[in-house]
Amino acid sequence: MPDPAPDFRDQALTHLDALYGFALSLTRRAPDAEDLVQETYLRAFRFAHRFQPGTHLRAWLFQILRNTFLTFYRRDARELAVLDKDAADGPEEAWEAEGAVPSTATAVDLERALAELPEEFRSVLLLADLEGFTLGNIAEIMDTPVGTVKSRLFRARRLVRRRLSDYGRA
Amino acid sequence: MAGPERTLDCPEVWEVLEEYRRGELAADATAAVGAHLARCPACRRLLESADALAARLRALPRPAAPPTLVQAVRALAAPAPAPPRRRPARWLAAAAAVVVLAGLAGGALVWLRERDRPAAALEAVLESGVAEHRRIAMLAEGSPDVDDPSALFREVERLSGIPLPPVFAGTGDLRLRDARATVLAGRKSAAAALRYPSSPITTYFLLPGEDLPMPSERRVQIDQYRPYMRRVSGYNVIYWKQKNLAYLMVSGLDAEGCQKLFLTMRRAL
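Sequence lines, in order, name chains A and B. Take the first sequence: its position 45, counted from the start at 1, is 209 in my numbering, and no numbers get skipped. Take the second sequence: its position 264, counted from the start at 1, is 266 in my numbering, and no numbers get skipped.
Same shape as in the complex, but just chain A (with noise of 0.2 Å):
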């Protein structure tokens, strides 16, 4: 099997950063985050040839993290049945409760919101709203139809604003 390209390898370092902070969003632990990450950046040199040049690289590393992350990290499968159930909810249900972000909420206010969001749905906002994926990117990277992950960045949307309320009026 020949090398992966040089500018492969190249260009797969560029996503570095962007990577850990997605890993470290999903694990919430810097050590898992690390090992996810070498995880991840093994098995992409490993199946380089797979990936089919002319498409998005970018994309196709912060896949081969997520499944990485679902197959062999992620330890509670079930917080998805509860929550997914609800996210069938179109925007028209999210019409009501939408509002504006809470001025007083502060970034680590922030930041608790996202950590207590289901993986599917933080990981939907932030491949959507952070890392600028998208929308088609971003199915493939979770492996779910476009409408779903236009539903489940509403839902995303609306927990994280209840929350950060909630956090005000704690």
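Note that these hints are calculated values from the structure, not bench results. The reader is advised that the hints may include incorrect statements.
In the SDA-like style, the derived pairs of lysine to any residue whose C-alpha atoms are separated by at most 25 Å in a straight line are [claimed, not checked]: (1) B:Lys190 with A:Glu198; (2) B:Lys245 with B:Ala171; (3) B:Lys190 with A:Thr298; (4) B:Lys190 with B:Ile224; (5) B:Lys190 with A:Arg173.
Mind docking chain B on chain A? Use the hints.
Same frame as chain A, now just chain B:
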């Protein structure tokens, strides 16, 4: 506005609002959504609210990858294996140079520290090996046996620069669960994880070891061999050197099982 523009109602806008936000809609659809937003405060609020949260997310501090991770990933990415370095000569020379430059008293202290460096390097390799074994064992637990060891070994060699001898593909009941290139204390290494049915996993690490010491204490006689053996963080660890490679075996087996397995593999190497 030119042309017949279709009027969208609120549910239709919600359907594509995310695409609109992200600039993923075609021009005519973008215009139709824009027209709706211009006259619908509720949908505008929905959009603004999403934008506001996104802005808050982007303003959060973003931690950079720690230097240890950057180093480890760069080592994985390096296309060619680093040639084995003759470190003893280098550190002795460095120590000698420091002695001359820093004066006799201070220099002697530095020299003493330099003298301990190989021992510290071995300690770092052992600790790193145990940590890596834990991780590999956890990952290997849920995976099937490796069905094509030779292909995997080629891949490991390509990434680490270290060939895994065929015995690590498994022998008899001893099955290969995983093999991978990895990094122990900054050194590229090849790892193979094996186990007997229903037994704990043992991981072997092969790494460039010319500069690593072979301590005189904690040596155990196993048949005709005298490797270094001790417990580290609850695991039995056996370490030895062959040619220019260092071999590290980290095992969840008890001491007796570990020594038996050492002998099986060592004889085949």
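How the hints compare with the structure:
Restraint check for Lys190 (chain B) and Glu198 (chain A): satisfied, since their Cα atoms lie roughly 17 Å apart, inside the 25 Å limit. The straight-line distance between the Cα atoms of Lys245 (chain B) and Ala171 (chain B) is roughly 21 Å, inside the 25 Å bound, and the hint therefore holds. Between Lys190 (chain B) and Thr298 (chain A), the direct Cα distance comes to roughly 37 Å. Violation of the 25 Å bound is thereby established for this hinted pair. Under the criterion of a C-alpha separation no larger than 25 Å, the hint pairing Lys190 (chain B) with Ile224 (chain B) is inconsistent with the structure, at around 28 Å.
For the suggested pair Lys190 (chain B) and Arg173 (chain A), the alpha carbons sit about 17 Å apart, so the restraint of at most 25 Å is met.
Checked against the numbered hints given earlier, the structure breaks hints 3 and 4 and satisfies all the rest.
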